[in-house]
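Modelling step: build the complete structure from the supplied sequences, incorporating the hints.
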Amino acid sequence: MTPALPGIISYRVNPESTAAAEPVVHIRADRGNWDFHNLVRAPIQELVQFKELIRNTVVRDIKVRYKRSVLGIAWTIIAPLMQMIVMWTVFTKAFQVSMPNYALYLFSGIITWNLFSQSSVAGGASILGAAGLITKIKLPRVLFPLTAVINNLVNFSFAFAALLLLMVVTRAPFHWTMLSVPFMLLPLILFCMGWAMLVSALSVFFRDLQYILEIALGALFYATPIFWDPTALPAKWHWVASVNPLAKYVFMMKASIYHGVLPNFSTYAIATFTGLAMFVIGWIVFQRLQRKFIYWI
Amino acid sequence: MATSSLLTTPAVELKGVGVRYQLNLEKVFSLKELLVSKATRLGRQLRGREQQKTRRTADDFWAIRDISFSVPRGVCIGLTGRNGSGKSTTLKVISGVLHPTEGELWVRGRVSALIELGAGFNPDLTGRENIYFGASVSGLSRAETAKRIDRIVDFAELRDFIDMPVRNYSSGMYARLGFALATDVDPDLLIVDEVLSVGDAPFQQKCKDRMESFKKRNKTILFVSHDPQAIQDFCDTTIELKDGRINSPNP
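Top line first, the protein sequences correspond to chains A and B.
FYI, the numbering for the first sequence is 1 to 297, going by this note's numbering.
FYI, the numbering for the second sequence is 1001 to 1251, going by this note's numbering.
Do not rely on the hints blindly, as some may be mistaken.
[Said to hold, decoys possible] The list that follows gives simulated cross-link-like pairs (lysine-lysine, PhoX-like), each with its CA atoms no further than 25 Å apart:
| # | chain 1 | residue 1 | chain 2 | residue 2 |
| --- | --- | --- | --- | --- |
| 1 | B | LYS1147 | B | LYS1208 |
| 2 | A | LYS292 | B | LYS1215 |
| 3 | B | LYS1215 | A | LYS63 |
| 4 | B | LYS1206 | B | LYS1216 |
| 5 | B | LYS1015 | A | LYS292 |
| 6 | B | LYS1038 | B | LYS1147 |
| 7 | B | LYS1206 | B | LYS1242 |
| 8 | B | LYS1242 | B | LYS1147 |
| 9 | A | LYS51 | A | LYS292 |
| 10 | B | LYS1015 | B | LYS1208 |
| 11 | A | LYS63 | A | LYS51 |
| 12 | B | LYS1147 | A | LYS51 |
[To be verified] Some but not every residue of chain A turned toward chain B, in silico, with C-beta under 7 Å:
| # | residue |
| --- | --- |
| 13 | HIS26 |
| 14 | ARG28 |
| 15 | VAL48 |
| 16 | GLU52 |
| 17 | LYS136 |
| 18 | ILE137 |
Calculated directly from the structure, the hints in this document are not laboratory data.
Where is the CB? At the ideal position from N, CA and C, for every residue including glycine.
Written out as structure tokens, the structure is:
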């Protein structure tokens, strides 16, 4: 071993000697990656410690996005409304869809879909986007995909206000089942967070993933009942709605907002389980890979 | 505050710390290659984890290895060595950014790293907004930051510019804000990587004064610089790194 330094520096190591109430960080290379501490307890403790940063990241992202734009935060409402108006024009005029309150039907689907698609795009790019911070400062890296989802949840709530307005303007009936929207949202949020963690971690190693994701999202949009009605689906296509988890989330949302019914228990249970499973998978993959980020960013 | 153990336990202890870089990282993985290598590794792991040392040795490079030292509280220690000798890697391990490949370490107390000033600043936000953001990066709450903000702004000498987006700052202003922020979070351990050359001469003097006052308050400083004069002025002792290992420590 290295010789002891005279005087001030000592090479003797006495790890058990600390008794003070101060933060002590112990980092050990050979610690098993799969244990409860590394996988669950330590990251959660860190997230709690950095809760102010989580809040600030959400606020900052909203501020920065609309800095120097004339309409500012109003874009979170205008963009999905425009999306809806275009689709509404195409499907009612060109394709002669004659569903009652089709605008509401479209809009409730669009804002739910956007929560997922924008979470996965922004969340997926969040680690690469935070490279400057991650390579310089110790912080819980998982906060970046998580705040990206929270951010889109904020956007969703603005868009939801627009939805209420749309219902008033188009004289669509209000159903009491709308009160269940937060519960319909919960499994979707878990799903989005898990997905964002998964994509953000993997795209550090495979940059192609972001391009693949874009294409996949484009395809998934059509496999999700946003402009079409799942009950009018030919039997040979039923598997699409049962394989695609997004179909369930969008369907549940539309059931409570548009149809005025609550999804049955098994649908909700499956949706919750899917969301929870995606969260757990995303969390584990992220925590397993996050130490290697710095070599690849 | 001072129980005797608090004064005697070192602020930083490293024990056999090593960081291995894999030099084949630039190579583009194909998906097939990845799956094959993962599958073989999984097979090895199922049969016992001892195989780890045998893989990819040709492409491995140890940025640091067998680094063991401890820094008592209140001491300013200088890390010296040529480019690529492992100084910054060592600091990154201590600041918690880089997880070591082998060895273990203890860091006691709140750490603030002056590795790159203003690393978390967002150019579109104002100086004030960036202070709040940057302070929360160090784990400070909003209330704690509110108490400090005037002092930070005064120290950075940016009173007139604090509500301007930092995009419009000069590089000196940017670095001053970064230094003022990072040293005002009242760390127990300050990690400084070649940043003292920011700003003009009077500001540099203020930085030096602040570092001195850290030392007086029994705070620990880890200092990396290529400037032998700065090392001599500040540091109580130095550790010299060479090719990722501790060379001969200067007495």
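Now for the hints, and whether the structure bears them out:
With a CA separation close to 24 Å, the supplied pair B/LYS1147 and B/LYS1208 stays within the 25 Å bound. Of the supplied pair hints, the one linking A/LYS292 and B/LYS1215 is violated, its CA atoms being roughly 35 Å apart against a limit of 25 Å. A C-alpha spacing of about 39 Å is found between B/LYS1215 and A/LYS63, which places the hinted pair above 25 Å, so the restraint is violated. Of the pairs offered as hints, the one joining B/LYS1206 and B/LYS1216 holds, with about 15 Å between alpha carbons and a cut-off of 25 Å not exceeded.
Taking the CA atoms of B/LYS1015 and A/LYS292, the gap is about 21 Å. The hint holds against a cut of 25 Å. Annotation: proposed proximity of B/LYS1038 to B/LYS1147 is violated, straight-line Cα distance about 51 Å (limit 25 Å). Taken as a hint, the B/LYS1206 and B/LYS1242 pair is broken in the structure, with Cα atoms around 32 Å apart against an allowance of 25 Å. Pair hint B/LYS1242 plus B/LYS1147 does not hold up; C-alpha atoms about 43 Å apart against a cutoff of 25 Å.
At roughly 24 Å between alpha-carbon atoms, A/LYS51 and A/LYS292 fall within 25 Å of each other, so this suggested pair holds. The straight-line distance between the Cα atoms of B/LYS1015 and B/LYS1208 is roughly 31 Å, outside the 25 Å bound, and the hint therefore fails. Distance check on the hinted pair: A/LYS63 and A/LYS51 sit about 18 Å apart at the alpha-carbon level, within 25 Å; holds. For the proposed pair B/LYS1147 and A/LYS51, the alpha carbon gap of about 19 Å is at most 25 Å, so the pair holds.
The restraint placing A/HIS26 at the interface with chain B holds, with a minimum CB-CB distance near 5 Å, inside the 7 Å limit. Checking A/ARG28 against chain B by beta carbon gives a least distance of about 4 Å; that is within 7 Å, so the hint holds. Taking 7 Å as the C-beta cut-off, the interface hint given for A/VAL48 is violated, the closest approach to chain B being about 10 Å. For the restraint placing A/GLU52 at the interface with chain B, the shortest Cβ-Cβ distance is roughly 4 Å, inside the 7 Å limit, so the hint holds.
Checking A/LYS136 against chain B by beta carbon gives a least distance of about 4 Å; that is within 7 Å, so the hint holds. The closest approach between the C-beta of A/ILE137 and any C-beta of chain B is roughly 6 Å, which is under the 7 Å cut-off, so the hint is satisfied.
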